[in-house]
Amino acid sequence: ETGVTQSPTHLIKTRGQQVTLRCSSQSGHNTVSWYQQALGQGPQFIFQYYREEENGRGNFPPRFSGLQFPNYSSELNVNALELDDSALYLCASSPGTGFLYEQYFGPGTRLTVT
Amino acid sequence: AQTVTQSQPEMSVQEAETVTLSCTYDTSESDYYLFWYKQPPSRQMILVIRQEAYKQQNATENRFSVNFQKAAKSFSLKISDSQLGDAAMYFCAYRILRGSQGNLIFGKGTKLSVKP
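If you read the sequences in order, they're chains A and B. Position one of the first sequence corresponds to residue 1 (the numbering used here), numbered consecutively onward. Position one of the second sequence corresponds to residue 1 (the numbering used here), numbered consecutively onward.
Okay, chain B solo, but in the shape it has when bound:
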């Protein structure tokens, strides 16, 4: 079965500090993309960052970076200099390259709170 596990249902971080959200996944495929999505309360889900599995270099987008460990099937998200606007549900997801659908497989999410 193809699954995504986010072991931290809730996390809290002080404003301006750094927080890391964990994600592990299980797939027998060798080619896939990994994603972190942000879902603010009552707002649309938006893509935060993505990582191609064939790339060894970890993706970075401004304050957001990932630690991708392919052999361990681990894909954590690090948020630096946390801001109040970072408070949201964060979902880890992947998409396999084989096939034409490209549907996303999501974890259950981690609720991030940011304390002022």
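Okay, chain A solo, but in the shape it has when bound:
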């Protein structure tokens, strides 16, 4: 069974640019959640996708957007990058939404904005 994978591992972008991060969910999982982990902080919930629809959102501006595909993989898009967007971006997949289902985390994508 393949676990959660994310690409790329590292990324360097310039302020104002746009970036797309990718996540492949674990086999059998239809839900993907995205988290932002700034340096020295715990992860913060960005949003969740369930069966290709956004299923909830944390306190992040609209320039953070996402997609989920029929195979349940997911993308996180960030427009108009700011220096504060520099962080580790984690995705987590689960076999369903809600509290009953454990979230399995990927290794993360380290984004640096200069």
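It should be emphasised that the hints constitute simulated quantities derived from the structure, not laboratory data. Treat the hints loosely; a few may be bogus.
As the list claims (entries may be wrong) - Selected chain B positions facing chain A (Cβ under 8 Å, derived; list incomplete):
id	residue
1	Tyr33
2	Gln44
3	Leu47
4	Leu97
5	Leu104
6	Phe106
7	Gly109
8	Ser113
The beta carbon of each residue, even a glycine, is placed where N, CA and C say it ideally should be.
For chain A, the structure is supplied; the task is to place chain B on it using the hints.
Relative to the frame of chain A, chain B by itself:
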């Protein structure tokens, strides 16, 4: 506001000894789950242990156990017989039962070092 506080940014323990990591949380919800996650350097975050808030009995997973005090909103993690592989960032988190998202709310973490 729903928050998680880990008051120990760093902790150190001698190999084979016992260490306790502290966590307090604040929520107005009555039904929730509590978690401890481990994030080794440059590796994936993994679940260490979880506790259902409605259960009075403290959860145990091998060398890992919790002390859950619901009234005090306290959820500490005890690691017994510490091993070098236990060195990592440890995050306390909770998830409320109400709603369909089940998103986790994390603390800032405690960095645990294990001395040989």
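Exercise. Against the earlier hints, flag every one the structure doesn't satisfy and list their numbers going up.
Key: Going through the list in order, the structure violates hint 8 alone and respects the others.
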